[in-house]
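So the chains spell out like this:
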Amino acid sequence: MATTIQISEKTKKKLFMIMNQLEKEWGRRVTYNEAIQFLLKEEGRDFNRQEFLNNIRKYQGILKPGEGKDFLKELRMRDYKRDRKFS
Amino acid sequence: MTESFHNSAIVIDTGALIELLEDSKLGKILSEKFLQNPEIERYYISPLTDTELKYIFCRRNGYEEAKEIVQNFLKDFIICSENHLRDEVFRLKCEFPISLADSYSLAVAIILKIPLCMKKEEEIQNNLKNLSARVKLIFIDDY
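Taken in order, these protein sequences are the chains called A and B. Taken in order, the first sequence gives residues 1 to 87; the numbers are from this note's numbering. Taken in order, the second sequence gives residues 1001 to 1143; the numbers are from this note's numbering.
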């Protein structure tokens, strides 16, 4: 059920800027409700452990043993070599 | 070993998340000791961790799929904004011979004054004493 809250003009302007930013990112219209939900999530205030763990479980084992480590090692090694070249 | 997290938040490093994605022994430790720990309610990552994970999946699955997989996987993590971190990152990078990615994870922990959970790495171990004076480091390998 929708309800009314009072916010200052300054807060409303800031919220509107965030909505604009989100609209660009998400490629669709964003409501004030969605913008506030986004900010609450950013602050970690709407954390639900069960949902969090259920989501994580879907990805456990998505990479083969050593697969992610090898890609990361390769990426960081390239950066390290580039670093050394400039120092 | 039990840890107490009075500030209810922690930073997780790329290496530790990869262990989770590979479902290794260390990944299971991360899950059991930290992700399932009821004392922790906010899980932060650096923007570079987001990028590194996307890079890994991009190499494996291509750009579009990588973006989707990592966005969904990280949906309950808080990605600390880069503009809050950059000054601390250049200070760390200037003072310690550590990677830019490690500097970003350390900067999140320093700025938010919360522990950083990571896997042991030579670069970090070599500077452990000085880094530990600035930030609480937790190694999943120690459990």
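Hints listed in this document are in silico derivations from the structure and should not be mistaken for laboratory results. As the structure is a computational prediction, the values presented were derived from the model and not from experiment. Don't be surprised by glycine CBs; every beta carbon is placed ideally from N, CA and C. Check each hint, because a few of them may be wrong.
To be verified - Listed next, with one range per pair, are the computed distances between beta-carbon atoms: (1) B:R1134 - A:D46: 25 to 35 Å; (2) A:E34 - B:E1123: 39 to 49 Å; (3) B:D1087 - A:I36: 38 to 48 Å.
Unchecked claim - Below, in silico cross-link-like pairs of lysine-lysine (PhoX-like), each with a Cα-Cα straight-line distance of 25 Å or less: (4) B:K1119 - A:K24; (5) B:K1054 - B:K1025; (6) B:K1025 - A:K41; (7) A:K24 - B:K1075; (8) A:K85 - B:K1025; (9) A:K41 - B:K1054; (10) B:K1113 - B:K1067; (11) A:K58 - B:K1119; (12) B:K1093 - B:K1054; (13) A:K69 - B:K1028; (14) A:K81 - B:K1093; (15) A:K41 - A:K14; (16) B:K1054 - A:K58; (17) A:K81 - B:K1028.
As the list claims (entries may be wrong) - Some chain A residues flagged as far from chain B (calculated, every beta-carbon gap over 12 Å): (18) I7; (19) T11; (20) N33; (21) N48; (22) R49; (23) N54; (24) R57; (25) K58.
A quick look at each hint next to the structure:
Checked against the hint of 25 to 35 Å, the C-beta distance between R1134 of chain B and D46 of chain A comes to roughly 31 Å, which is consistent with it. Between E34 of chain A and E1123 of chain B the Cβ separation comes to about 41 Å, which falls inside the hinted range of 39 to 49 Å. Between D1087 of chain B and I36 of chain A the Cβ separation comes to about 29 Å, which falls outside the hinted range of 38 to 48 Å. Proximity of K1119 of chain B to K24 of chain A is assessed by CA-CA distance (about 36 Å); at most 25 Å being required, the pair is judged violated.
For the hint pairing K1054 of chain B with K1025 of chain B, the CA-to-CA distance comes to about 23 Å; that is within 25 Å, so the pair holds. A hinted pair counts as satisfied when its Cα atoms are at most 25 Å apart, and K1025 of chain B with K41 of chain A does not qualify at roughly 30 Å. Proximity of K24 of chain A to K1075 of chain B is assessed by CA-CA distance (about 19 Å); at most 25 Å being required, the pair is judged to hold. The hinted pair formed by K85 of chain A and K1025 of chain B fails the criterion: a straight-line CA distance of about 36 Å is larger than 25 Å.
Annotation: proposed proximity of K41 of chain A to K1054 of chain B holds, straight-line Cα distance about 21 Å (limit 25 Å). For the suggested pair K1113 of chain B and K1067 of chain B, the alpha carbons sit about 30 Å apart, so the restraint of at most 25 Å is broken. With a CA separation close to 22 Å, the supplied pair K58 of chain A and K1119 of chain B stays within the 25 Å bound. For the hint pairing K1093 of chain B with K1054 of chain B, the CA-to-CA distance comes to about 23 Å; that is within 25 Å, so the pair holds.
The suggested pairing of K69 of chain A with K1028 of chain B holds, with an alpha-carbon distance near 16 Å, which does not exceed 25 Å. At roughly 16 Å between alpha-carbon atoms, K81 of chain A and K1093 of chain B fall within 25 Å of each other, so this suggested pair holds. For the given pair, K41 of chain A sits about 17 Å from K14 of chain A by alpha-carbon distance, which is consistent with the 25 Å threshold. Under the criterion of a C-alpha separation no larger than 25 Å, the hint pairing K1054 of chain B with K58 of chain A is consistent with the structure, at around 17 Å.
Pair hint K81 of chain A plus K1028 of chain B does not hold up; C-alpha atoms about 32 Å apart against a cutoff of 25 Å. Annotated as non-interface, I7 of chain A keeps its C-beta farther than 12 Å from every C-beta of chain B; the closest such distance is 23 Å. The beta carbon of T11 of chain A sits about 19 Å from the closest Cβ of chain B, which is more than 12 Å, so the claim that it is off the interface holds. Once the 12 Å rule is applied to beta carbons, N33 of chain A is consistent with being away from chain B; the minimum gap is 18 Å.
Not every beta carbon of chain B lies more than 12 Å from that of N48 of chain A, the smallest distance being close to 8 Å; the non-interface claim is violated. Not every Cβ of chain B is farther than 12 Å from the Cβ of R49 of chain A; the closest lies at roughly 7 Å, contradicting the non-interface assignment. The Cβ of N54 of chain A does not lie farther than 12 Å from every Cβ of chain B; its closest approach is about 10 Å, which violates its non-interface assignment. At roughly 8 Å, the least C-beta separation between R57 of chain A and chain B is not larger than 12 Å, which violates its mark as non-interface.
With 12 Å as the threshold on Cβ separation, the claim that K58 of chain A sits away from chain B is violated: the shortest Cβ distance comes to roughly 8 Å.
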